[in-house]
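Chemist: Okay, here's what each chain looks like letter by letter:
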Amino acid sequence: MPRLLADVKACQGYGNCITGAPDAYDIDDDGKVVLLTEEISDADRPRVEEAARSCPANALSIED
Amino acid sequence: MTDPRTVVVVGASVAGVRTAQSLRTEGFGGRIVLVGDEPDLPYDKPPLSKQFLTGCWSVERIALLTAEAAAAAEIELRLGVAAQRLDVADRQVVLIDGSTIDYDAAVLATGAAARPAPWSPTSGVHVLRSMADARALRDDLEVDRPVVIIGGGFIGAEVAATAHALGREVTVVDPLSAPIGRVVGREVGELFVDLHTRHGVTTKFGVGVESVEGEAGDLTVQLTDGSQLAAGTVVVGIGAVPNDGWLAGSGLLVDDGVVCDEHCRAVDAADVYAVGDVLRWFHPGHGEHVRVEHWTNAVESAAVVAHNIAHPEELRSHCPVEYVWSDQYDWKIQIVGRPVGATRHTLVGDLTSAHPRGAAVYADDSGDLRGAVAVNWPKALLVCRRAVGAGASFDDVVAQLDRLSAAGAAPA
Ligand SMILES: Cc1cc2nc3c(=O)[nH]c(=O)nc-3n(C[C@H](O)[C@H](O)[C@H](O)COP(=O)(O)OP(=O)(O)OC[C@H]3O[C@@H](n4cnc5c(N)ncnc54)[C@H](O)[C@@H]3O)c2cc1C
Ligand code: SF4
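Chains as they are written, first to last, in our numbering: chain V, 36 to 99; chain Z, 120 to 531.
Keep in mind that the hints were calculated from the coordinates and are not lab data. One or more of the hints may lead you astray.
[To be verified] In silico DSBU-like pairs for lysine-lysine, Cα to Cα no more than 30 Å straight-line:
| hint | chain 1 | residue 1 | chain 2 | residue 2 |
| --- | --- | --- | --- | --- |
| 1 | V | K44 | V | K67 |
| 2 | Z | K169 | V | K67 |
| 3 | V | K44 | Z | K164 |
| 4 | V | K44 | Z | K169 |
| 5 | V | K67 | Z | K164 |
In isolation and in its complexed conformation, chain V is listed as follows (with noise of 0.2 Å):
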């Protein structure tokens, strides 16, 4: 199952993963993102990669 990935120093809190994928991510009370699951479906793919190249840090990926 594809795996997610953050990059929690590169993350700048800005949010705009949580928008497109609120069941994957979250962020904490200091403004870094935090991964609600470790996997997710391939059905969930596309929709959480959106989200994904969302973020203006750059700061998650999705490894198969």
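Based on the hints, put chain Z with the ligands in the right spot on chain V.
Modeler: Same frame as chain V, but now just chain Z with the ligands:
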């Protein structure tokens, strides 16, 4: 319906690149050609006034699409060649080198250009839109001479903060007394003025510029109040204009951007779409045509257009909540919605302490939430962003932020 065979995307910055990538994510199996006039591989613009201008971030760090990623997604790159015109009847993009590309669907992603400076001394006056602009400006900022910034909007304020961080003496000039007040309202706009002064940057707001004369290293800026400023470098940040001139003879309706329907489809050509800064579309939530110069709008419109090309039987509307960020000095600013139309606002938190963190929430007369401005508080912005999207009430959101503030108010 089958995929159109060839999609030509014109403009290879964030809106164009994300359209091409999203087409693949959406399962589009045809040919994708990405045309861009800049010779460099696609790069991202927001860092040009921030981390790239200070020199902290390299070209690699601001890349939007590497050659390998383009090849892997089967996106054909045609870089370093501008589109000269669009032939809607024959479905062709004509490039400046005389070659043509036939399309089944065209996506216009030519963005915007910096509004040119009305003054043109031989050298030393900069605008900031491209990587080439940022490199030229960075070279001049290395010279230890005062910097004058004309325009106190987002780009001007960011460049002021960056030039100040590089050790330059900086003055910002703008005919408005609180330039960012145009976006966040007058009162909160004043806080943005204080932000400059608190960091030792001089503001000349409410004053216009008469002329700029001289050359790089030795410029004189004449102001309308009769005073003069000496500068080594002048940066002009007075807005942007959409790159739609090349479409003049196309027959498309162009009016400060390419006029599109709610699906981001040109109103007079069903196989032509627009995305990003050049898009003027009918926003179903606002009930009017708008054009938005924000990064997130570029990405969101790209996703909508990619979907609509790949799945024409289930067209999506582009109905975003406006969102933009800006980094100025020790403020990470995030703005959601349309604060400027509001009639009242409440500030939660503190923006002027040594560790500023707070949010201003805006409402109209009916108590509906209009938008919010958050400083160094991403979590609050997220709450507001969701609330604006859901049409929540102002009082609700203020109460939520109060709770969040109390919960997060651990001693520093
Ligand atoms: C310095 C700077 C800082 C910014 N900071 C922020 C920020 O902090 N937050 C935020 O939300 N937004 C910010 N923005 C705005 C954001 O970058 C833009 O909204 C975004 O770049 C728009 O993307 P776009 O692809 O529509 O257009 P553009 O980025 O303008 O790209 C258009 C591309 O098309 C090319 N092109 C133009 N005409 C032709 C032609 N005829 N043929 C071929 N190619 C052509 C251009 O050369 C360019 O490469 C900033 C912008 C700048 C300039
Ligand atoms: S979009 Fe990127 S920067 Fe923003 S919160 Fe998500 S990971 Fe962080």
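Chemist: Would you check the hint for V/K44 and V/K67, treating anything up to 30 Å between C-alpha atoms as holding?
Modeler: Between V/K44 and V/K67 the Cα gap is close to 8 Å, so the pair holds against 30 Å.
Chemist: Quick one, are Z/K169 and V/K67 close enough, alpha carbons at most 30 Å?
Modeler: Roughly 20 Å between the alpha carbons, so the hint for Z/K169 and V/K67 holds.
Chemist: Given the proposed pairing of V/K44 with Z/K169, does the C-alpha separation stay at or below 30 Å?
Modeler: At roughly 17 Å apart (the allowed maximum being 30 Å), Z/K169 and V/K44 satisfy the hint.
Chemist: Sort out whether Z/K164 lies within 30 Å of V/K44, counting only the CA atoms.
Modeler: This hinted pair holds, its Cα atoms lying about 20 Å apart.
Chemist: Just to be careful, I want the Cα atoms of V/K67 and Z/K164 compared with a cutoff of 30 Å; is the pair within it?
Modeler: This hinted pair holds, its Cα atoms lying about 22 Å apart.
No hint from the list above goes unmet by this structure.
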